[in-house]
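Novice: For reference, the chains in residue letters:
Protein chains: 2
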Amino acid sequence: MNTKTSSLFTIVLTVVMTTTALTQQQMPDVAIKYEHNLMPVPSFVQFYEGKLKVTQSLTVSTPQYSDARLQAAIDRFLKRMQSRTGLTFGQGIAADATSPTIEIRCSKSGEVIPSLDEDESYELDIGLSKVLLTAPTVVGALRGLETVLQLVSSNRDGYYFPVAKVKDQPRFRWRGLLIDIGRHYEPPEVLKRNLDAMAAVKLNVFHWHLTEDQGFRIESKKFPKLHQMGSDGLFYTQEQAKEIIDYARQRGIRVVPEFDIPGHSTSWLVGHPELGSAAGPYKIERQAGIFEPALDPTRDDVYKFLDTFLGEMAALFPDAYMHIGGDENEGKQWDRNPNIQAFMKEKGIANNHALQAYFNQRLLKILEKHKKKMIGWDEILQPELPKNAVIHSWRGTAALAEAAKKGYDGILSNGYYIDLSYPTSQHYVVDPIPADTTLTTEEQKHILGGEATMWGEYVGPETIDSRIWPRTAAIAERLWSPRTTTDIDDMYRRLSVISVQLEELGLTHERNVDVLLRRLANSKDIAPLKLLVSLVEPVKEYRRGEQRPSTMLSPLTGFVDAARPDSESGRRLRKTVDDFLSDAPRFQLHATDLEKTFKDWRDCQLLLAALIDRSSALHEVKPLATDVRNLGDAGLEALQFITSGQTPPPEWLQAKSELLNEAAKPKGAVELVVVTSVRQLVTAATELPQLKTMSSAEWKKHVSMLASSADKK
Amino acid sequence: MNTKTSSLFTIVLTVVMTTTALTQQQMPDVAIKYEHNLMPVPSFVQFYEGKLKVTQSLTVSTPQYSDARLQAAIDRFLKRMQSRTGLTFGQGIAADATSPTIEIRCSKSGEVIPSLDEDESYELDIGLSKVLLTAPTVVGALRGLETVLQLVSSNRDGYYFPVAKVKDQPRFRWRGLLIDIGRHYEPPEVLKRNLDAMAAVKLNVFHWHLTEDQGFRIESKKFPKLHQMGSDGLFYTQEQAKEIIDYARQRGIRVVPEFDIPGHSTSWLVGHPELGSAAGPYKIERQAGIFEPALDPTRDDVYKFLDTFLGEMAALFPDAYMHIGGDENEGKQWDRNPNIQAFMKEKGIANNHALQAYFNQRLLKILEKHKKKMIGWDEILQPELPKNAVIHSWRGTAALAEAAKKGYDGILSNGYYIDLSYPTSQHYVVDPIPADTTLTTEEQKHILGGEATMWGEYVGPETIDSRIWPRTAAIAERLWSPRTTTDIDDMYRRLSVISVQLEELGLTHERNVDVLLRRLANSKDIAPLKLLVSLVEPVKEYRRGEQRPSTMLSPLTGFVDAARPDSESGRRLRKTVDDFLSDAPRFQLHATDLEKTFKDWRDCQLLLAALIDRSSALHEVKPLATDVRNLGDAGLEALQFITSGQTPPPEWLQAKSELLNEAAKPKGAVELVVVTSVRQLVTAATELPQLKTMSSAEWKKHVSMLASSADKK
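Residue numbers (my numbering), protein chains in the order written: chain A, 2 to 714; chain B, 2 to 714.
Possibly wrong hints are sitting among the right ones.
Since the list can't tell identical chains apart, any single copy or any two copies may satisfy a pair.
[Unchecked claim] Derived pair list, reagent style DMTMM-like, types lysine to aspartate or glutamate, alpha-carbon separation capped at 20 angstroms:
{"hint": "1", "residue 1": "K80", "residue 2": "D233"}
{"hint": "2", "residue 1": "K80", "residue 2": "E458"}
{"hint": "3", "residue 1": "K305", "residue 2": "E220"}
{"hint": "4", "residue 1": "K80", "residue 2": "E331"}
{"hint": "5", "residue 1": "K525", "residue 2": "D515"}
{"hint": "6", "residue 1": "K370", "residue 2": "E329"}
{"hint": "7", "residue 1": "K243", "residue 2": "D491"}
{"hint": "8", "residue 1": "K531", "residue 2": "E547"}
{"hint": "9", "residue 1": "K243", "residue 2": "E190"}
{"hint": "10", "residue 1": "K222", "residue 2": "D594"}
{"hint": "11", "residue 1": "K366", "residue 2": "E313"}
{"hint": "12", "residue 1": "K406", "residue 2": "E444"}
{"hint": "13", "residue 1": "K223", "residue 2": "D437"}
{"hint": "14", "residue 1": "K531", "residue 2": "D515"}
{"hint": "15", "residue 1": "K284", "residue 2": "E458"}
{"hint": "16", "residue 1": "K109", "residue 2": "D247"}
Rather than coming from a laboratory, the hints here were simulated on the basis of the structure.
This structure is a prediction, so every number in the text was calculated from the model and none was measured.
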């Protein structure tokens, strides 16, 4: 996974391009290496000597096709260019500019309603005097404009575009982000800024998870009790939904609504208990988990209700697909309902899976009537499911491949559960069509793509961005870029730049960390808290609920909410420790780095203690402050042993191991991510007293062994 | 201005209170000093021994009057309490709770439409077992809830309310914030979060400056060309306006719309050139400044137009007042228009002032017809102005007093121009009725209050909060609290806490500084930029435009936009240098502080240079980096001379003075605020070689002289 690939630094020196776009300009013909910040990496990109200067006289022209959507996109593009460069582009857009800086040759609008069939390809030809962007559709042009924005560079002389050629199209047609606003509501402006971010990294499906046990969040004019009684007043009006759909369309993004049934439906039943499989009354669910309430699949009036409701929604949401969820229904209400049991017996329905298949069959007819294709989670894949349904897999690539072999289209979400707090690298290596796939080329066409899933148990408007971004940009790359784009270090390097650029769209993933810490401290002086938060991550999977019980009505303002997945400090420390232990000739340099780091940890406990004493909401952090001091001490002592070549006494290892084990335990639903690195040093200290007498080669060999054993502890 | 006053630490030990509210509970009877963070300071507050613990079983009850507005306010209150304490209040609101934590006794809703006559008073009686909030109106209860939120405190044992009694009402009835969205548009969510912040500091008038030369920002259904052609599409629909008005009403805030005429009206004329005093066509103004276009005051069709348009607006905006601007019309178009000149001759109108008076007379009749009272800037005060008009003074307290003597109500904005980048302390000392007022008690009643003015030349959605907050909280205090509340140090101490609390409402004044710096650096590593930005302020008054030319279409993303008024680092340094120079016995302690500071300055130049080289938008900052290094060097050298008791050579003073003079010059529209402090040290170094032989008293005397002479340089 760590091999440099040609997608990053293309080393082909001579490229014969035959398209019109790439022969328009006199191009310097010597290809060069150029460290770009593109994410997702284009399918083909090549840089050349030379720069196209960006000045305030920059103009954009659209000599061929243009429309309101393209003009609006160019307007946003120019504002973002201005915001980043500080320049004021006096002239802006002029279709007929004689020598535009950026010329967009676009053939047509593309799909009226964004769809799977959209042609998103584009080509860029950046010469010394202009940027030529060629795209068959406006959506292709939008994708190209995002690439142009990512290519803006700067040096002493000002801003510029590097001379380059790009020929780009997505690897997968379905590149989505699911946002669950059922468990916690997010206001429209949160969705809008996330749509902006999606467009920036070329995602094209917003999967709007609109109903959950904990909230029914879309206005129904046919059945107003659904949103009125099922949402605490936190729902989207149909006007707002239309605005979001249009906002997405402006950015070439589809909006796929999800109405999760027959399970996950408590909130439906608050206003309409008659739809349930058990007698009401029902209350909006306040806990996280899997719950019993489910629609009754045996009664005609339930299907009549769904026909009317889904018909209303089918008219509201123009996308060709409708997601019906279908997941995690354990059927406990069904088991206990004698009418349902009698129905099953009568119809010869063997079990709850078969009953749900029956439900889906009838649902499918309703969707067909309203001209929608069905998409649902793995569970919907039952023997009689028609072939035009799409399987959305939370189970994994194997389940997806199996479905593809049976002829079903599918999209992958297993591996892209960004709510689980795993590092970016872990999502990045998940490929909807793994290299070792057994699918034929024809079968592979059924794999439409994937979706990152932002499940809403523990996110609110202040924190959701920090759970989605920047990690989702790497998933977007996996779904857009060639399979060979797999250099993790380079991904992280580019991700860091993209993360900053996302802020210009209003994303709050960086800025709100300090906001939360200041609130916790009730003060602006948060330096020690910032250090501490940089060393932790939220606990993985769904362990937060166990460690720090809360309901959907609890505030999301704790230390764990300020903590973010994929700690950069953790990554840096791992690298420094690796370098220190493997780079004997320069170990003193790394030792100095490490010493400073560990001293900061040791010293922060006192400062933290003062903050914690003043602010009760920080009390849960107190043991972490002790852990960090202990880690700092252990690191300093290990460094001292290693650099002096002395052997630590056996009781030292024993004592440190206990402290390390304690520090490795999560507290307040966060975990210190630097324990492994310190453990690596402590182990090295006990096993490497002979440092000074070792050759560099011996040292490296020894250490690589140590590193792997430290990981296992 | 620096005397501690009884409003902060009331030292009256025995207070006889006769109201119902204050005799409800058994109160500990020993008053104590307690350092609170209330802003604005209540008119009476007294603390006692004891704490009322805040736990998750907190409840609020409203046993007497309640309504939807109060319930919604309590709901917001509980969410903010949760967000700050991390607690989940399981039970929430229950009108009939038997032992509520917070009991709100409210008599009635108050004014249906928020008005000047609203009773905003309330009383708090916080005992060991409950908080009793008594208020004659719901608006009074809202004000009281904000005080309760500011009283939440924390220690090792958790959150609590201090036992206390508060009896509070505003000193002035009109406490406003003007936001000019004409020059730069602000989306509704920006206005909403600012309304939240206004409510938090008990402001009660949102003055919505809706039209300007640079933008006509309210939808007119009668004359749609106004907003369609005058706003670049950036306007508020009437639906949005209603939403804002309701949002404000929910918070007990009036919305006073301003339609600035006859001048400041270019944007009106883009769609309706026939209203102008010169032939069109007109274009939306893109520059800052005062411009010629003005409505033609001589033509009946202009008044007919205004009658229809203002009638439409009068129906939309329920407030009793309508602001008609009336400022800064120089009448140049009038001078050049022969028809207007002929009209003046015919009617015996002597000059443009008289012509504007004529215009206002006719306008007044229109407003009367639509049942609105007129408010306008100083200029409207002409001999025949009827007494029910209100004068809004940008000229000052003298002009306001003069109007009051003539019988006119007035509000003050001179001194509260927060767009001028002056420090909070400067606004804080401005009193609408100064201590030396010559107005009689009866005349003083005409002074209704004041308004902070956020003029929009240089603010956008990302930066406007940082220009309004936290400084406006101190103006809010001036308009609410007793005149005797004047301790500037204590104001700054409380302001710093309130500033953090405002963030929980979504305000971005703190968080967006780093966002702007990261964008400028195109990187997350911004430590040296943060240091630099902490040492500067935007240039004062309207000098930004001279130093850094821009238009209304220019980006607001420069270093100057990240800089904020009223540098905290500047204030701290002034204090440390004062302490160092006046506190001889402990000078070594201060010297160590100063040395660290100056070394950081000296060392940041190299780091800054690397950042600046990579990011062209930062080039304008380069000379500042040099200045800061020079200041650091000068500070270190001066320290060295002072602490060693050596006399610096005369050429040293000469050289340093030149560097200081250079550093004092603004660059990129920001100015270093630490130059005076360094100059003070340099001067001290040349004049105080005899340090070691001086007595403490001699030293202090000498230094106070020096300090005042350094300021003059």
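Novice: Now, for every hint given, state plainly whether the structure supports it.
Specialist: Going through the hints against the structure:
1. K80 <-> D233: Classified as between: cross-chain Cα gap 14 angstroms, same-chain 38 angstroms, threshold 20 angstroms.
2. K80 <-> E458: between (35 angstroms within a copy, 17 angstroms between copies)
3. K305 <-> E220: This pair counts as within: shortest intra-copy Cα distance 19 angstroms, inter-copy 43 angstroms.
4. K80 <-> E331: Classified as neither; 51 angstroms inside a copy, 34 angstroms across copies.
5. K525 <-> D515: both (9 angstroms within a copy, 14 angstroms between copies)
6. K370 <-> E329: neither (26 angstroms within a copy, 65 angstroms between copies)
7. K243 <-> D491: This pair counts as neither: shortest intra-copy Cα distance 39 angstroms, inter-copy 50 angstroms.
8. K531 <-> E547: neither (25 angstroms within a copy, 39 angstroms between copies)
9. K243 <-> E190: both (14 angstroms within a copy, 19 angstroms between copies)
10. K222 <-> D594: neither (63 angstroms within a copy, 66 angstroms between copies)
11. K366 <-> E313: within (15 angstroms within a copy, 51 angstroms between copies)
12. K406 <-> E444: within (6 angstroms within a copy, 89 angstroms between copies)
13. K223 <-> D437: neither (49 angstroms within a copy, 67 angstroms between copies)
14. K531 <-> D515: both (8 angstroms within a copy, 14 angstroms between copies)
15. K284 <-> E458: This pair counts as within: shortest intra-copy Cα distance 18 angstroms, inter-copy 51 angstroms.
16. K109 <-> D247: within (19 angstroms within a copy, 44 angstroms between copies)
The structure shown violates the earlier hints numbered 4, 6, 7, 8, 10 and 13.
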